[in-house]
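S.K.: Residue-level listing of the chains:
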Amino acid sequence: MKSKTIEKSQNNIGVLEEHPLGVQPRFKVGDRVQLRDMPYFFYTRSQMWARGVVGTIAALTYSDLVPEDEAFNVDGRVEQYYIVRFRQKDVWADYPFENDTIQTESPERWLEPIS
Amino acid sequence: MTDTPKYGSSGADQCHKAAPTVGEITDFEILEIALRELAIERGLFTADDHRRFTEFAESIGPAGGSRLVAKIWTDPAFKARAMEDPVKACLEIGIDWSKPTGFGTPSDYTHLTILENTPTLHHVITCTLCSCYPRPLLGMSPEWYRTTNYRRRLPRWPRQVLAEFGLILPPEVEVRVEDSNQKCRFMVLPVRPEGTENWTEEQLAEIVTRDCMIGVALPRPGKTADVHPVHKARRPVQSSHHEGAAR
Amino acid sequence: MSSRTELSQEREIIGTLQPAIHLPQNWNYEVTGAQYRALMHPPHDVGGQFDFSIQHEEKEEEQWELNTYVTCEVLAWRGFWTAEERRRRADNDLGYTMYLGFPYYGRWIWSAARMLVDKKHFSLAELMEKFAEVKSRYEK
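The listed protein sequences correspond, in order, to chains A, B and C.
So the first sequence is numbered by the numbering used here: it starts at 1 and just counts up by one.
So the second sequence is numbered by the numbering used here: it starts at 1 and just counts up by one.
So the third sequence is numbered by the numbering used here: it starts at 1 and just counts up by one.
Heads up, a few of these hints could be off.
Claimed, not checked - On the chain A side, residues computed to face chain B include the following (Cβ under 8 Å): (1) Gln34; (2) Phe42; (3) Trp92; (4) Phe97; (5) Ile102; (6) Gln103.
Said to hold, decoys possible - Among chain B residues calculated to face chain C with C-beta under 10 Å, some are: (7) Arg36; (8) Phe103; (9) Leu121; (10) Met140; (11) Pro142; (12) Pro155; (13) Trp199; (14) Pro229.
Just so you know, the hints here were simulated from the structure itself, not pulled from any lab data.
Backbone N, C-alpha and C fix where the C-beta goes; we use that ideal spot for every residue, glycine too.
Model the full assembly from the supplied sequences, consistent with the hints where possible.
M.R.: This is how it looks when you write it as structure tokens:
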């Protein structure tokens, strides 16, 4: 017995693939995005520190299920993942160093475009 | 390595030469044995499955990452290939991210991203949500990497945490925290230090320690080991070639 | 014991004496919006929380911890769960107290047991009987 979700998530070897499995990414490198502050029930991998912060798409990585689906063995929609980069000064009100940054990965549905 | 069988319904307690008293064995150990025996009895997996994956877990360690960095430092064409497709480049140095299942480990996936340091950019890695780590390339994660303490503080006070590891960077250097929260796995590619001109790949690999590839240390000529206090186990892993946390 | 050692122990204990306001919880009739969010907050999302400066130490691995890691991975290899489900169970489902109170691999083995019972691969009663049987082997 092999889980469908394992097979799906192991399809992509390497990084920075574009348009795998027919997924059309909404964002490209350099786009400004904001992490949506959706309410959390039971499980999420979208961190509190990043919610509502505006950042920049640093890379496209792969496409896969969202963790909220995969964690419950739901074969939901496959979507693009991105590395999003933020200025530390935008994340923490009292962060003292001008140049420092922090980045993390996010599935597409958690991101909103910022013009 | 002893010949004592470790697995199977009658073999589980042969790990321990003398039967410990109830006070010495923990309920976690008992639960682990009970669950594994039940699972094997019910045919959920075999003792051979368990043994094969154990061999994989015991075969991985930071040496793979060290060799990858050393080759990137000395071979510009390899570097270009590695930055373009890190997982494929790992194959060239004998690290196969698809092992041992054929589709990768269930926890580590097959998406490796190399974070390249420069003189003005320093990366450091954490997984604030759990402790995601590039096991096929660097082996099992160190205990400090898994603690809530490190995961709480690194994203917000990275320079303070790095200072505790003995690494202090000038304010002009951009410290970039990588919060490894999804399926990408990350490795820091440190800047090749001065004083290593004309070194061989083997010599270079020796100074690329695990801490350098997480980002809490910089490689230096003469520094070939990460030194941390070690909390000893009560009943440590019984294997002659286990690459445990104490390295 | 030297007086320096005693002083050091005393200093450590003094450092842990902190005033605290305890809010008894017993099915409050109402919670504020912020309290609701805090109570719903996934325990594993710790980035940015305060903590103290500590010695960053290594730990020698216990045999049961390696076995636990392997069991959890093999269960995923054979399709019984994904690593993502393991994280959901081990890092969120058991709640704040056990999340912070259990050892790291204690949460792994607990979540594997819970998953197998939830998915009816064996019953809780069977697990309890097996646990008692294994425990009795060590009661010599």
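S.K.: Would you mind marking each hint as holding or not holding in the structure?
M.R.: Cross-check of the supplied hints:
no., hint, result
1, Gln34, "17 Å, violated"
2, Phe42, "14 Å, violated"
3, Trp92, "6 Å, holds"
4, Phe97, "5 Å, holds"
5, Ile102, "4 Å, holds"
6, Gln103, "6 Å, holds"
7, Arg36, "5 Å, holds"
8, Phe103, "9 Å, holds"
9, Leu121, "21 Å, violated"
10, Met140, "7 Å, holds"
11, Pro142, "5 Å, holds"
12, Pro155, "4 Å, holds"
13, Trp199, "28 Å, violated"
14, Pro229, "5 Å, holds"
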